[in-house]
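Asker: Sequence:
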Amino acid sequence: MTEKERIELAELLFPNIKKTREYYEEKYPERNLPDGAMVTRYGPSPTGSVHLGNLFSAFCDMVYAKQSNGVFFLRIEDTDQKRAVEGGIENITGVLKGFDITPNEGYTFGGEYGPYKQSERTEIYQTYIKDLIIKGYAYPCFMTEEEQNNIKEEQAINKTKIGIYGMYAVDRDLSLEEIKEKLENKEEYVIRLKSPGNPNKQIEVVDCIKGKMKFPEHDMDTVLLKKDGTPTYHFAHVIDDHLMHTTHVIRGDEWVSSLPLHIELFEILGFTPPKYAHIAPITIKDQETGAIRKLSKRKDPWAGAKFYEESGIPIEALHLYLATIANTNFEEWYLNNQDKTINDFTFSFDKQAIGGTSFDEAKLNNLCKTYFSRKSGEEVYNETLIYTEKFDKDYNKLLKENKDDMIQFLSIEKDGPRPRKDIAKYSDVKEEFSYAIDSMFEKEFYSKYEGDKVYDVDLITEYINNINLDTTNEEWFNQTKEFAVKHGYAEKPKDYKKNPDSYKGHVGDICEAARVMITGRTKSPDLFSIMKILGKDRIKERIELYKKYSNR
RNA sequence: GGCCUGUUGGUGAAGUGGCUUAACACACUGCCCUCUCAAGGCAGCAUUCACGGAUUCGAAUUCCGUACAGGCUACCA
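Following this note's numbering, the numbering of the first sequence begins with 63 at its first residue and continues without gaps.
To be clear, the hints were calculated from the coordinates, so they are not data collected in a lab.
Treat the hints with caution; some may be incorrect.
[As the list claims (entries may be wrong)] Think about it this way: if two alpha-carbon atoms lie no more than 27 Å apart in a straight line, the pair counts; the simulated BS3-like pairs of lysine-lysine are: (1) 276 to 368; (2) 144 to 179; (3) 128 to 368; (4) 543 to 609; (5) 128 to 214; (6) 276 to 244; (7) 242 to 274; (8) 543 to 598; (9) 197 to 248.
As the structure is a computational prediction, the values presented were derived from the model and not from experiment.
Full structure from sequences and hints, please.
Answerer: Written as structure tokens, this is what we have:
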């Protein structure tokens, strides 16, 4: 076909496209950003659900853009109407917001480079396709599904590469007359790339994470525009990321095999390609089969985004976990920098895992504990209030009624270099601090205490009457030891162990008895702190309660 | 079938030819500290980097094969 014929063809195919590529190039000029600023994007398709992998990639996008004073935008990739789910887009924006992953541009976030929804960009894609047809890099293909399947079957038998390329791309060299005829017969068509690639040549691509990769040049006549005039992912990606001036395409590594195509498209269109960073998928070892697989929402509760909110895992702790799988040196850094937050850490692609990252629930749990240990009692109180507001209204009410007490209890052993690490989620607070609220304690006391040991109520009553709570922890313990000795108990557990016949027990036994009566359990944070907060009157009430229980 | 990518302990991993008798963290086990728990301290946990060959004075690190895993091979993203 001559150029003149190609122009005629382009007009025939896209009579309504009046704008030119120059128009768009001018409309979306270079971004005015400081040196080194990264422009990243998250491009979900609105299939409704968001899972950890999506969240992870969006997290990376955000973090790299943020630390370089760049732009992180949200683009809805809804070129496939079949996959669209009602409310899917709202769900995505909702989840992002819930997880504190906020784009600073894009769909529902505004910006100069929109529209940020691919279904609203059809005219743009078609403008560039029209141009490609004129240049001879694209052509209409009228092959039916059946014809294509036949070719694939034949290729499978001959054990050659499967697809539409070279000699198999029969509509490549259709004459203008032939095309006109098919159009008049109302034959349906797609627009395919007329790939100039030579598969015997190698191309080398440098990925920010994976490093150098070699591929044969792309030579498939890949579909660019579908029958309905909408673009395929590949074409939309190239056009959008060029016009929106994305500098770094951060995406899942299921895309690496289409890299040669994307590079080829950028070249043909005369665009400079962005840098690519392909991130490893989050995997898990299947409990039943032992096989390594991708996270599955059906089998793994933690794959779905909702799980974290419902079970009370703090968003910030999840960010911490995402950061540790994003950059392998983050974990150690965070541990050694008690006073720093994620925002103080500089992420880099070469510290990003290359192979699949296995989801580690135990590590997440530990990270959550560390997170809570660094929060003050008041902060934990306030955050738990927000959580229970939504997921445990009854407890929320109790928390509000017992605010001052709760904050004091939550603050026990928080000072110093080794703060307690006993809660991992907001939902743990209720259980861990069951002894904190009197009205709840009564109920909990009976159901939770399962020991069969019966403690001496009179002894502990006397003990409580005798000690002074208005003192220091050290002084309190001295008093306790004195009391123990007076009643025939050893001052130190070791003494008792050496001569068990000489004593009734040791100081720890006194504490244990008091602890059970006061908290309803054999394990608790520092007993003295708890006693001090409760005060003698409430302690005595609890001893009465214990009496009732043990005589039952 | 073809084309890519990956494979270091129970887990996440550090490691870019000699400083590695393979870091660190999580998990687990034991001991210590201790009024219980949590935390913390110490110690243990891969004689070896999927396997086989090659290059080299020297390889977890380079090259070639094999196995396994994952991805792509759609008018899905």
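Asker: Checking each numbered hint in turn, tell me which of them this model violates, lowest number first.
Answerer: The structure conflicts with hints 1, 5, 6 and 7, although it agrees with all the remaining ones.
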